[in-house]
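Protein sequence lines correspond, in order, to chains A and B.
For the first sequence, the residue numbers in the working numbering are 1 to 166.
For the second sequence, the residue numbers in the working numbering are 1001 to 1485.
These are computed hints drawn from the structure, not numbers from a lab.
As the structure is a computational prediction, the values presented were derived from the model and not from experiment.
No residue lacks a Cβ here, since even glycine has one placed at the ideal position from N, Cα and C.
Please note: incorrect hints may appear among the correct ones.
FRET-style restraints, in silico, Cβ to Cβ [claimed, not checked]:
#1 1033/B <-> 125/A: 50 to 58 angstroms
#2 1025/B <-> 143/A: 52 to 60 angstroms
#3 26/A <-> 1018/B: 13 to 21 angstroms
#4 1105/B <-> 8/A: 55 to 63 angstroms
#5 1033/B <-> 151/A: 51 to 59 angstroms
#6 151/A <-> 1011/B: 13 to 21 angstroms
#7 1192/B <-> 13/A: 44 to 52 angstroms
#8 1193/B <-> 129/A: 35 to 43 angstroms
#9 1192/B <-> 136/A: 22 to 30 angstroms
#10 1127/B <-> 134/A: 48 to 56 angstroms
#11 1419/B <-> 135/A: 39 to 47 angstroms
#12 26/A <-> 1205/B: 31 to 39 angstroms
#13 126/A <-> 1299/B: 37 to 45 angstroms
#14 1260/B <-> 135/A: 47 to 55 angstroms
The lines below spell out each chain.
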Amino acid sequence: MDFDEFIRARSAALLRYGYVLSGNPHDAADLTQEALARLGLAWPRVRRRSDPEGYVRKTMARLYISWWRRRRREELVGELPEQGRADTAIAALDGDTGLWQALAGLPRGQRTVLVLRYYERCTDDEIADLLGVRRGTVRSQAARGLDKLRDTWAPARAAGAARGQA
Amino acid sequence: MRTEIEDRLEAVLATAASAAPQPGADFITGVRGRVRRHRRRRVMLGICGVAAVVLAGALVPAAVRHPARVDQPALPPPPMPDLVHLRPAEQVWPQAVVELPARLPDGRGYVVLLALGGKRYLVRSVETWIQGEPRLGYNFGPWTEPPNQRVKLGAVEVLNAAAGTATLVSAKVPEDAEVYPSPAGVAWTVVRGSTVEFWAATIGGSGGTWLASYPKVHPVDVFGRVVLLLPDRIVFEESAIRGGSRSYYPDASLLSVSVRGGPVVPVPGSTGFELPDRPIAGVDGGSGVGPPWAVRPDMTARPDREGFVPIVEMWNLATGQRIVGRDMRGCDPPWCLPKEGIVLRPMNGTGSLSVPPGGTAVFMAGSRFVTGYRLGGTSKDARFIWDITTGLAAALSRLHQETDEVETNIIQLGEVRPGRPHRILDLTAIPLLIPGATPGPSTSPGPSQSPNPDAGQSPGPVDSPSQPPGDSRSPSDSRFPPAPS
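If we strip away everything but chain A, and leave its shape as in the complex, we get (with noise of 0.2 angstroms):
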């Protein structure tokens, strides 16, 4: 498989990841792309060692916490990311809970461990090695998250409820 025909293969599902992570199309979209041309510039060695997939995925994760960390211009702080089709889905989901919104509004490092605990499904120690950190560090950082989303997310269930039953 040459670069061209994995960025075909690849590139929706990249997205979906970079979506994931950044909260919005605009920056799934850089987010995406920068981790391919990295990609690309190093492919033949990648390559050799068969898995771009794994490579691509760990420099959208770096990317994504040293980047906002410089850039917090790109705040997605307490707000939806923006609307269109995609968003729908999600607030049919979402409802009156807020989950999404409330992961928003998390570090960029809680944000991206919950995002690979969760959505990618990695180990603690699998995040742990793809972010450089401690195993202790991951799991500080997912408990903290949580804590962080359960505050947000359970009173404003409760509301949500109320309302229900009102």
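Dock chain B against chain A, hints included.
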């Protein structure tokens, strides 16, 4: 045991993924464009040297000069050192190993951006330092090892290690700015709302001046906002701020504004030129050229199989020197690093030297130092640094900076920790000649390292350094940040 919120989160993420946009028709084109753009840039540690670059710019701080085309002098290829048997840099250049105080005089921590010569260093204070090792990553932005720690960078200052003083350059540099240090001071860009702001502060200046603002394009071209700080002005690339559009000034691709403020003006004769970007980590065999050079790719040429577009003209914005060629990818005058592997050749093509690459192909900037991975050594000293002018080479221990993303002229030899002195290799303090030095194992060009017959014409590495005629570099010279990333 999984909790309800974990189940819910998993479902929300899956739904979000299923609702994600599909790649558009231009998706692959966009990736290809980025690959090409990266490959035009340099890939390796940018180092110092080239007095003419800075001195000429400092002596004539007027507008960007009009080009004066010159021929490159014939240069003998320097002898390739034995990169297998290397001594540590601390032993090869003990006079350049500098220990800087752990804190600035007022007690704040800091990171070193650039050596200015004479034991003066451009530094950036660390305002918040909870844990982790602060490093300089992409465009001198904050980074920590391990990642996800908290470091907040603050003011840019000049630390005078000899006098034990620190002088403020600017306290206005925002934490999230992209920073471009140079011997003249520091320029930065920062996004505020929907605009990109350009700022600069010179050493001894007024502490920072807003110079220009432009609408932010979206999605942000994160590899486009490039600023070159000359002693009296900044130069930036219009296409970077316009997302590829050059509607403002159709006859110029580069724009300029005085560091004291004033109107943004097009740089005459800059049509088709681009500013070099920082080196990008993880690039194999890539190439580019560093500041203060601007380059003009041949946009009529088809990219090669690897996506390269030939560079057909180079323009030194500080000195006005202009070089025309057929393909000058990877050139940093007067040398080129044209291909993967450790290959060096003069720009005029009079021979080349190469050794088998020991890892990622690398190279250099500044025309004085080359750095890369070597054969031999361990994981802790897998990198080398080679001074082309003297022929001396040394092993580098584990690096404590993102050398592929940051172009500087210092090498952080030890960890950066709160309360711990900085230990750096100051490349501006490496002498051009080392009196009484004899070439050791690290400087002996082995037969296998000199496959090209031209190599035999090269003078000895110490007695007759391969220095370009007329090159007046001194140990205190430092190139424009001169990047990597």
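Status of the hints after comparison with the structure:
1. 1033/B <-> 125/A: 50 to 58 angstroms: violated (37 angstroms)
2. 1025/B <-> 143/A: 52 to 60 angstroms: violated (43 angstroms)
3. 26/A <-> 1018/B: 13 to 21 angstroms: holds (19 angstroms)
4. 1105/B <-> 8/A: 55 to 63 angstroms: Hint holds: Cβ distance 58 angstroms, inside 55 to 63 angstroms.
5. 1033/B <-> 151/A: 51 to 59 angstroms: violated (43 angstroms)
6. 151/A <-> 1011/B: 13 to 21 angstroms: This hint holds: roughly 19 angstroms between Cβ atoms.
7. 1192/B <-> 13/A: 44 to 52 angstroms: About 35 angstroms separates the Cβ atoms of residue 1192/B and residue 13/A, which means 44 to 52 angstroms is violated.
8. 1193/B <-> 129/A: 35 to 43 angstroms: holds (38 angstroms)
9. 1192/B <-> 136/A: 22 to 30 angstroms: violated (37 angstroms)
10. 1127/B <-> 134/A: 48 to 56 angstroms: Since residue 1127/B and residue 134/A have Cβ atoms about 25 angstroms apart, the given range 48 to 56 angstroms is violated.
11. 1419/B <-> 135/A: 39 to 47 angstroms: At roughly 27 angstroms between Cβ atoms, residue 135/A and residue 1419/B fall outside 39 to 47 angstroms, so the hint is violated.
12. 26/A <-> 1205/B: 31 to 39 angstroms: holds (37 angstroms)
13. 126/A <-> 1299/B: 37 to 45 angstroms: For residue 1299/B against residue 126/A, whose Cβ atoms are near 43 angstroms apart, the range 37 to 45 angstroms holds.
14. 1260/B <-> 135/A: 47 to 55 angstroms: Holds, at about 53 angstroms.
Violated hints for the displayed structure, listed by number in ascending order: 1, 2, 5, 7, 9, 10 and 11.
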